[in-house]
Amino acid sequence: MSKDNEIAVDIQNVTKMFGGFTALKGVSLDIRDNEFFTLLGPSGCGKTTLLRLIAGFEEISNGAILLYGQNIADLLPNKRPVNTVFQQYALFPHMNVTDNVMFGLLRLGQEKSKAINRVNEVLELVRLSDFADRMPSQLSGGQQQRVALARALAPSPKVLLLDEPLSALDLKLRQAVRLELQQIQVQTGITFIFVTHDQEEALTMSNRIAVLEGGRVQQVGSAREIYEAPENKFVADFIGETNLIDVNVSNLEAGKGSCILPGGEKITCSAARGARSGPGHLSVRPERIKISASSKSLLKGTAVRHIYLGTDLHIEVKLNTGGNVTVRMQNSTQIQIPDVGQSVGLDFDPSSARLLVD
Amino acid sequence: MANLPKTTSKGSAKTYDGLGIPLILPAWIIIGFFLVIPVAMMLVYSFLTKEFRGGVIWEFSIGAYDQFFFYRGLFGDSPPTIEWTYIGIFWRSIWQAGLATFFCLLIGFPTAWFIATRTGPNKTIWLFLITIPYWVNLLIRTISMKFLIRDNGPLNEFFLSLGLISEPLHIINTNFAVQLGLFYSYLPFMVLPIYAAVERYNFALSEAAADLYASQTVTLTQVILPTVKPGIIAGCILVFVPSLGAFLAPDLLGGAKNFMIGSLIEEQFKGAAGNWPFGAAASMILLSLVLIVLTFYARSQTKDQI
Amino acid sequence: MATKSLDLRHFTGFQPLTLLCLFLLYAPLIIVMIYSFNDSNSITRWNTISLRWYYDLFYGVDAPKFKTAAINSVSIAIMAAISATIIATMAATAMMRAGRFRGKSVSFALINLPLMVPEIVTAVATLIFFSAIGFTTGYLTILIAHIVFCIPFAYLPIAARMEGIEEVYEQAAQDLYATRFQAFRLILLPLMAPGIMSGFLLAFIISLDDFIITNFVKGAGVETLPTVIFGAVKQGIKPNIMAISTLLLVVSVGFVALSYFVGRIGEKANPTTTKKGE
Chain A
1 MSKDNEIAVD IQNVTKMFGG FTALKGVSLD IRDNEFFTLL GPSGCGKTTL
51 LRLIAGFEEI SNGAILLYGQ NIADLLPNKR PVNTVFQQYA LFPHMNVTDN
101 VMFGLLRLGQ EKSKAINRVN EVLELVRLSD FADRMPSQLS GGQQQRVALA
151 RALAPSPKVL LLDEPLSALD LKLRQAVRLE LQQIQVQTGI TFIFVTHDQE
201 EALTMSNRIA VLEGGRVQQV GSAREIYEAP ENKFVADFIG ETNLIDVNVS
251 NLEAGKGSCI LPGGEKITCS AARGARSGPG HLSVRPERIK ISASSKSLLK
301 GTAVRHIYLG TDLHIEVKLN TGGNVTVRMQ NSTQIQIPDV GQSVGLDFDP
351 SSARLLVD
Chain U
1001 MANLPKTTSK GSAKTYDGLG IPLILPAWII IGFFLVIPVA MMLVYSFLTK
1051 EFRGGVIWEF SIGAYDQFFF YRGLFGDSPP TIEWTYIGIF WRSIWQAGLA
1101 TFFCLLIGFP TAWFIATRTG PNKTIWLFLI TIPYWVNLLI RTISMKFLIR
1151 DNGPLNEFFL SLGLISEPLH IINTNFAVQL GLFYSYLPFM VLPIYAAVER
1201 YNFALSEAAA DLYASQTVTL TQVILPTVKP GIIAGCILVF VPSLGAFLAP
1251 DLLGGAKNFM IGSLIEEQFK GAAGNWPFGA AASMILLSLV LIVLTFYARS
1301 QTKDQI
Chain E
2001 MATKSLDLRH FTGFQPLTLL CLFLLYAPLI IVMIYSFNDS NSITRWNTIS
2051 LRWYYDLFYG VDAPKFKTAA INSVSIAIMA AISATIIATM AATAMMRAGR
2101 FRGKSVSFAL INLPLMVPEI VTAVATLIFF SAIGFTTGYL TILIAHIVFC
2151 IPFAYLPIAA RMEGIEEVYE QAAQDLYATR FQAFRLILLP LMAPGIMSGF
2201 LLAFIISLDD FIITNFVKGA GVETLPTVIF GAVKQGIKPN IMAISTLLLV
2251 VSVGFVALSY FVGRIGEKAN PTTTKKGE
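Protein chains in written order, with this note's numbering: chain A, 1 to 358; chain U, 1001 to 1306; chain E, 2001 to 2278.
Extracted from the complex, chain A is given alone in its bound form:
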């Protein structure tokens, strides 16, 4: 248990500038040993830059990165006990699978006869033993991805960095590889730092997630924490879908607050850190809202549109007080779906709503 609390990568107030552009603005993160940690954010949020700073491909402008207590700022990439799975894999095109995987081991001074055992071991781990003699160009995208993983795992790095490794794969394959990656992380006990812009990938795989935007960390937490208790509008909106309802906030204390809904109803729900009294936003997930015919509902409006999603349906409801709310319903024969133009009432459990900072 004590090992789990050891900090693998300690990112301290890191700033990175490219000429006049600031890619990272004072980012601080503690990534724990043996953790599957994900950096999540839209493109241009700085997540890949942070990864490249850890790997040593970029220089830090300000701040420090500690790897198991050691400041690595001045170390060249080849002196850092971290390995990277690159976005487009970067398999050496002139070397076969074995030589690619063995590359790091040989550079570390291992003898070829010993290194080959380790190569076979990791190729088995990624189920590619039969492809040891192939050239990268003779492999499918999924196989290349696994070779890249094997190559990075072979030297047993303390931390493995993965830069959107699944983005080049098609959807079906991506889902299978997710599980596999997670298993390998558990099996090897290596700290994984995973970069993605895909929230589903982040939610399904990670122990913890850091959401980045505009070069800053917006929130760090488990998948559940980030989805259920977003700290701000960006996180609520970026992770999953949400309805942001204009409300008037009052009585803020101890992570709770009261608010008056547009229809005049008053509810008490959880509030994000930094939420203020006065006009604010209430985030309610579409699947937490129930449609009823009751006239005592928290919100009232008219169904204006159905959006068919296969397993689910989205019903867009125009509130009587203005503004739209989306409700997600299961596409089931047992549930009655309101017709377009029909007046509806909307209800939700106040504990599943959250008051946000702008």
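Any given hint could turn out to be false.
What the hints assert, rightly or not - Calculated cross-link-like contacts (lysine-lysine; reagent style PhoX-like; alpha-carbon spacing at most 25 Å):
(1) E:K2218 with E:K2234
(2) U:K1257 with E:K2067
(3) E:K2218 with U:K1270
(4) U:K1270 with E:K2234
(5) A:K290 with A:K266
(6) A:K266 with A:K256
(7) U:K1014 with E:K2067
(8) E:K2234 with E:K2067
(9) E:K2234 with E:K2065
(10) A:K158 with A:K172
(11) A:K233 with A:K296
(12) U:K1270 with U:K1257
(13) A:K256 with A:K290
(14) U:K1014 with A:K25
(15) E:K2218 with E:K2065
(16) A:K158 with A:K233
(17) A:K79 with U:K1014
(18) A:K114 with A:K172
(19) U:K1270 with E:K2065
(20) A:K266 with A:K300
(21) E:K2065 with U:K1257
(22) A:K79 with A:K158
Unchecked claim - Some residues of chain E that are not near chain A, with every Cβ distance over 10 Å (derived):
(23) P2190
(24) I2206
(25) Y2260
Note that these hints are calculated values from the structure, not bench results.
Backbone N, C-alpha and C fix where the C-beta goes; we use that ideal spot for every residue, glycine too.
With the hints as your guide, set chains U and E onto chain A.
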């Protein structure tokens, strides 16, 4: 947290950061020492006094440039008038080079276009065929041309046998022969850059033009030519600049009467009749002309990028 | 035929002009090739086919002269091409993989300077330089001059290839504990091989072809193939000149084919540009 060492950033790190100067140094040394310094020295020589057995006397003089532009009588004491001989040679060179560029473009553009619009292995074969002459020794190509157009060469024999002419056409040692030689020498230089530009041309532009009621001629002049202009300009430079200073074509095909700059310069460094300062001065003037052309070229390139 | 009018790539007359272009380029060369097999002392009269003039080239009166010139030409071309290729490879690495350094923008112009200065001017400048420093012109001066103008020709294909190789391969190597030198030797250099080979071949041909600069800096007594051929032609075209021209032509064509296939094989074996995902 705050007392950790700061590192300042130079932006994105490159693999061989900091090794730039040692890696570029050999190129600097070789080109600097054996081309930049020589050109500077040539400039110095153009302001020295000529030595009658070839070579120079280290005495400042603008005699070389004076001789180039002014005539001062047989003994150098008459009032100066403009000396047209050398200006005439330069003018002829510019005219010949310009004409060669024009003809190369006239035939080079359709060729480049035709090859670039072929598909599959056909294209490779066409391209291969057009590349080969580019690699064949210029001297050998010029000799071939000389052989072909001699008074009693295969071309005249062919025309005579057909009865098209009753006596051999006198082509060799004329301005026309020089023109033919320049055209023949530098034609591949026109085709290849235009080919590269047409390769990058997006044919959706032609489709859009046709969709908007443009005829093929209008599409060519209003859409295609402006789009591939950088390639055309590059091709023109690659023909014009070497034509201007050409030596082989005028020397082997033009004979003594059809001098161009190249032959004029060469003559100044041959044996006792030479005049090194004058040759250096003529070279400087040629170099200045070329640099003016290249500057215009660089300007047009940067303008196109905006 | 009916679809031709719909083909926007088609322009009437372009194909005949292309054929004319090729005809103009090849006709003189082919005629010289044909006449090189003419068994006649006269270059005008056609006799019968023979290899007489090729025999004359290797065993005739002028054979020693041609042989020495050929040895000079080839040895200079090999040494100049090797030196230029090494210098150009280093320069390309500096320009594309070493970030910013003092004088980088000047360097680009400097590398291409030999292409911009007219050959005759380079020739004059080089002659003046060697004469001013009192260096006897000869084999060595030819070699030095050739290295200078071969550099940009070697640089072009090498730089083009390096530009096509993503830097991520070297980063991956460094990530896997390779030093920068190892990343260069084990990754960049093998991936660069086709570009380096074409750079070398181009430099070799350019050196082999040069006449003007060589003619200025060769000094007395040292001849290369182009200068010896030029000297002979000045006294009139003899059949043996056509034979040696044909041989050189065949060598050139062989080199184009070689560099072409080297490029193709290299591209196939090591496709270095990955398809972009997403």
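A quick look at each hint next to the structure:
1. E:K2218 with E:K2234: Given that 25 Å is the threshold and the Cα spacing comes to 18 Å, the pair holds.
2. U:K1257 with E:K2067: The given pair, whose Cα atoms are some 35 Å apart, is violated under the 25 Å limit.
3. E:K2218 with U:K1270: Given that 25 Å is the threshold and the Cα spacing comes to 13 Å, the pair holds.
4. U:K1270 with E:K2234: Roughly 15 Å between the alpha carbons, so the hint for K1270 of chain U and K2234 of chain E holds.
5. A:K290 with A:K266: holds, 18 Å
6. A:K266 with A:K256: holds, 13 Å
7. U:K1014 with E:K2067: Violated, at about 49 Å.
8. E:K2234 with E:K2067: Judged against 25 Å, a Cα distance of about 20 Å means the pair holds.
9. E:K2234 with E:K2065: Cα-Cα ~16 Å, so holds.
10. A:K158 with A:K172: Given pair K158 of chain A, K172 of chain A is violated - Cα atoms ~30 Å apart, limit 25 Å.
11. A:K233 with A:K296: violated, 29 Å
12. U:K1270 with U:K1257: holds, 18 Å
13. A:K256 with A:K290: Holds. K256 of chain A to K290 of chain A sits at ~23 Å (cutoff 25 Å).
14. U:K1014 with A:K25: Holds, at roughly 22 Å.
15. E:K2218 with E:K2065: holds, 15 Å
16. A:K158 with A:K233: violated, 35 Å
17. A:K79 with U:K1014: Since the Cα atoms of K79 of chain A and K1014 of chain U sit roughly 16 Å apart, the hinted pair holds (cutoff 25 Å).
18. A:K114 with A:K172: Status violated; Cα separation ~37 Å.
19. U:K1270 with E:K2065: holds, 22 Å
20. A:K266 with A:K300: Holds, because 14 Å separates the two Cα atoms, which is no more than 25 Å.
21. E:K2065 with U:K1257: violated, 32 Å
22. A:K79 with A:K158: holds, 12 Å
23. P2190: violated, 5 Å
24. I2206: holds, 28 Å
25. Y2260: holds, 21 Å
Violated hints, listed in ascending order, are 2, 7, 10, 11, 16, 18, 21, 23; each of the other numbered hints is respected by the structure.
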